[in-house]
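So for the sequence shown, the working numbering puts the first residue at 4; every next one is plus one.
Derived by calculation from the structure, the hints in this document are not laboratory data.
Just so we're clear, the structure is a prediction, and the values are computed from it rather than from any experiment.
All C-beta atoms in this analysis are idealised placements derived from N, C-alpha and C, irrespective of residue type, glycine included.
Misleading hints may appear alongside valid ones.
[Said to hold, decoys possible] Pairwise CB distance ranges (calculated):
hint: 1; residue 1: Thr-112; residue 2: Ser-74; range: 35 to 43 Å
hint: 2; residue 1: Ser-74; residue 2: Ile-150; range: 31 to 39 Å
hint: 3; residue 1: Trp-111; residue 2: His-71; range: 22 to 30 Å
hint: 4; residue 1: Val-159; residue 2: Ser-74; range: 34 to 42 Å
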Amino acid sequence: MRLAVAPRRQLSSSDATLLRSPDSITVTIGNPEEVSETFTDARLRDVFPSSDGTVWFGLTSRAAVALHPGSDPDRPTSWSVYTEAHGIEAGLLRFGQSIGGTLWAVPWTGPIMKFDGSRWTGYRHDVITPDHTFEEHHSILATSDGILWVGGRGEVFVHR
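Required output: the full structure, derived from the provided sequences and hints.
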């Protein structure tokens, strides 16, 4: 499967395309003629709208893609791609956001990651909570009382 990411001037239904054949899936985000980044064998795991209007796409290929809203009428949206060079430590990302606006991501396996606006920082489970033992993440939720919930195989853990 191929995932292509490209900047666009306007967000419309033509900004994302899913093509499926018997042996492959191709996901293209943006105009294929303006592709700025391509991911091979990538799958889309999560789509998450953050409180600032950014839409986050979690991929299987150790990457996160952000679609940012813009105020410039000539460029109302822009794309950012975050990879291992930006601290992404694993793929299959799912996103959550705490009440203060902090963006979190959990991969299928690996550390829980926190975004500071430009980089992702991984936190091992024993740093967040000493009794957290599972290494498989299925979901993340930050509630209005400031609690971060992470669900995995048969377990849920809470970080306050």
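Comparing the hints with the structure gives:
no.: 1; hint: Thr-112 - Ser-74: 35 to 43 Å; in the structure: holds (38 Å)
no.: 2; hint: Ser-74 - Ile-150: 31 to 39 Å; in the structure: holds (33 Å)
no.: 3; hint: Trp-111 - His-71: 22 to 30 Å; in the structure: holds (26 Å)
no.: 4; hint: Val-159 - Ser-74: 34 to 42 Å; in the structure: holds (39 Å)
In summary, the structure agrees with every hint in the numbered list given earlier.
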